[in-house]
Amino acid sequence: MGEAVVKVENLTYSYPRRENVLVNVSFEVKKGEVLGIIGPNGAGKSTLCKALNGLVPHFYGGRIGGKVVVAGMDTMKHTVAELSTKVGLVFQDPEDQMSGLALTVYEEVAFGLMMLGFPREEIDARVRDAIKKVGLGGLEGRSPFELSGGQMQRLAIATVLAIKPEILVLDEPTAQLDPIGKFEVFSVIKKLAEEGSTIVVVEHEIEELATFADNILLLDEGRVRAYGSAREVLEKVDQLRKYGVDPPSVTELTYILNKEVGTDFEIPITIEEAYKIYAEALGVS
Amino acid sequence: MPEEATVETVEVTPTGAKILAVVMIPTIAALNYVGGVLVEMLKAPIWGDTWATMLGTLISGFVVGAAGGFLYNIIMAFTVWGLPNWVWGFANVAIALITWFMMKMGWTDLKKPMTYIMAIILFGFIYPIFTTAISIGLFGGGPLWKPLPAAIYAAVLSSTGNFWLANYIQNVSTEVPDKVISYIISLIIASRVPKRFILAK
Amino acid sequence: MGISLSLLKRTAVEVETFVQRLDGRVKFLYFIWASILVYIFYDFILNLIFIIVTLLLAIYARVAKPIAMTLLVIIVPWIAIATPILSLPLGFPWNKTIIYYIKFAGYEIPVYLEGLGWGITWPLRIGVCISTAMLFYLTTNQARLVATMFKMKVPFRFIYMLIATFQLIPLLVDEANTIFQAQLSRGLRTDVGIIKKLYYYLALVIPLTLSALNRVQIRAIALESRGFSAPVTKTLMYEAEFKWMDWIFLSTIIVATIVLAYVYITYGYSPIAGLEYIWG
Ligand SMILES: Nc1ncnc2c1ncn2[C@@H]1O[C@H](COP(=O)(O)OP(=O)(O)OP(=O)(O)O)[C@@H](O)[C@H]1O
Ligand SMILES: [Mg+2]
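Residue numbers (our numbering), protein chains in the order written: chain G, 1 to 285; chain A, 1 to 201; chain R, 1 to 280.
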């Protein structure tokens, strides 16, 4: 893994109407890494995402301390528009992210590039590429509002991919979707992760997160409660529960077995791992 | 929770107001439109397409309210009402202005009679002077194409023979109920809007 | 509101005739030009000619139906209400020339030319403004509309606000419908007294407004994150350019202007209908 694309040091932030939403938050994300952010409602996860592209503090105002450097740019010294070429932000509700100017999927993906003044030929090439990447090929001429939730959220991902940002920030991208939509979106995220994109993702579906996150950061009341590799964070079942986060069920099950029954299993964080561990223990492999 | 804020912090001035206005204005315009649609669905006895202008003024200030109302009129003028109707956009600016004035004077408390008295005077009687000027200058000052106001128009015209008075009374008869009710609606909604949406000072 | 909503809903696929291919600026000019002329002249026959020409263009472009519907809904009832009130002896102050007597229950009721002319000419003036505006709007698709405004140096923020309103309205109407249906199933009725109706109106409008406002902030953030405020010239995927058709149309307008100027100077403001301009 290469250099750090995101470097956050002692980030402390208050909205104009709310104090200390983030307190002394520090972490970094290296090129090609996936960082999962988890935590209860109101923990400050969305605020943290917005700090990565400068919406916090520029859009909202407020008090800020510490340092956020993304792709070599100090967010305090650059506008959101400048940062938007480096950081692609995807929100929860896909409908709310639509530009309001585009009639078709194609135009929607082109919107950001149009705003940034890219030449027309380049826009065309990038748009086709981004649409293909999220698997919406063939739907270029559709209205964005006729898409299913999963398709619309993949469209939202395509709109930021077209800008070729150095880092993708996804804030609960599956929270509003039905199971099929969730599956579609996770497939895209996993594919991007495999291809080496740098991703920060806030996600409540912890079982899914465990399958593709390299590192995990547990946020609560604006403070970092745990930060480390996915395994380090997720196997601390008591700690997760204390902060209102449900651990993956296989992790929890094994943890309880170890604690209550006295078994001595290695703690799995994904179903696949659990399958291996249990198959071995049962001697069926 | 002990306060561990050890790092130095700086105050940042927000830059979001401009882009918020860019989104708020079309929302106000669209709400004006939908307000009218819902009136049709319910067959309620008002126009119902100005309370959003008032609401926009109450929560985001005069400029946003006026621009939202103006935009609504422009769009209606281009699609269904015809070009001269864009002049009604100025009527919406007048409504935003009156709302802003009422807000500044503190006539926004629905428990106080003053709020109703001033709403009836300003929206019901002063504002129609403005609409009367428009409807005569640009639309010839004929009767409206709704039966009740048209009947009032005909009655005033035949009893007094005063063309301007007939227009004014016709407008008062539609504006008093519509604008006063719209103002009340906008105040009720504004009181339910969470604080963080309120940009107007 | 049925037609008006269908007018606002725009799709990407549509017919292409020369009217659609005309530059947006030319069609915009046509509608401003026609609207100004019908206010300079006071002649319902001239107004009718403008409406007929516009409708012919609209028929060719296959957008005549919504225009005709709108004229039927707004202009026809307006004339129907205005002409009797103004032309019968009901006090219209400029009435003086009696052109006819209606025999009714033994009375002879006079019909005045001034009120009649007024009651027909004014609605038709508005009719010209409506039909030409709609022709422009209905035959200029969104990409062309944006390009037209862009060429006319309208700031991009304003272009955005206009187009975004078109997109927001159907979304909000859908939402309003959903809330309306939900309230219906909870006992909302439309055959109630005025006070109850207003109460229901509030019950519909409050949730709708709060949800719309909720979305404002996130939409603004999403726009900002996509470089909306970047201080660069935006790239448009479609560029507006004058073609020979546009020059022909433009020349026709210029020739027509010269002819009409001559007519005005020679025959006055009411060359065909011969009406007397009344007030002022
Ligand atoms: N614009 C704002 N102004 C003031 N306070 C805000 C604003 N946005 C969020 N907050 C507050 O800051 C805190 C953190 O909010 P944030 O949205 O970052 O949490 P979150 O972890 O994303 O929560 P959720 O899981 O509900 O999405 C919350 O208490 C919230 O009420
Ligand atoms: Mg959040």
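Because the hints were derived from the structure by calculation, they are not lab data.
Hints may be right or wrong, so weigh each one.
Said to hold, decoys possible - These stretches of chain A come out as covered by chain R in the derived footprint (C-beta under 8 Å, 3 or more residues):
| hint | stretch |
| --- | --- |
| 1 | 8 to 21 |
| 2 | 98 to 112 |
| 3 | 166 to 172 |
Said to hold, decoys possible - The calculated label-pair distances, taken between Cβ atoms and stated as ranges, are:
| hint | chain 1 | residue 1 | chain 2 | residue 2 | range |
| --- | --- | --- | --- | --- | --- |
| 4 | R | Pro155 | G | Ile271 | 50 to 56 Å |
| 5 | R | Val192 | A | Ile188 | 16 to 22 Å |
| 6 | G | Ile271 | A | Pro14 | 44 to 50 Å |
| 7 | R | Ala203 | G | Thr79 | 41 to 47 Å |
| 8 | G | Thr79 | R | Trp247 | 41 to 47 Å |
Bear in mind the structure is a predicted one, so any value in this text is a computation, not a measurement.
A virtual CB, placed ideally from N, CA and C, is assigned to each residue, including glycine.
Hint-by-hint comparison with the structure:
no.: 1; hint: 8 to 21; verdict: holds (count 4)
no.: 2; hint: 98 to 112; verdict: violated (count 0)
no.: 3; hint: 166 to 172; verdict: violated (count 1)
no.: 4; hint: R:Pro155 with G:Ile271: 50 to 56 Å; verdict: 54 Å, holds
no.: 5; hint: R:Val192 with A:Ile188: 16 to 22 Å; verdict: 19 Å, holds
no.: 6; hint: G:Ile271 with A:Pro14: 44 to 50 Å; verdict: 45 Å, holds
no.: 7; hint: R:Ala203 with G:Thr79: 41 to 47 Å; verdict: 43 Å, holds
no.: 8; hint: G:Thr79 with R:Trp247: 41 to 47 Å; verdict: 43 Å, holds
Hints 2, 3, counting from the list given before, are not met by this structure.
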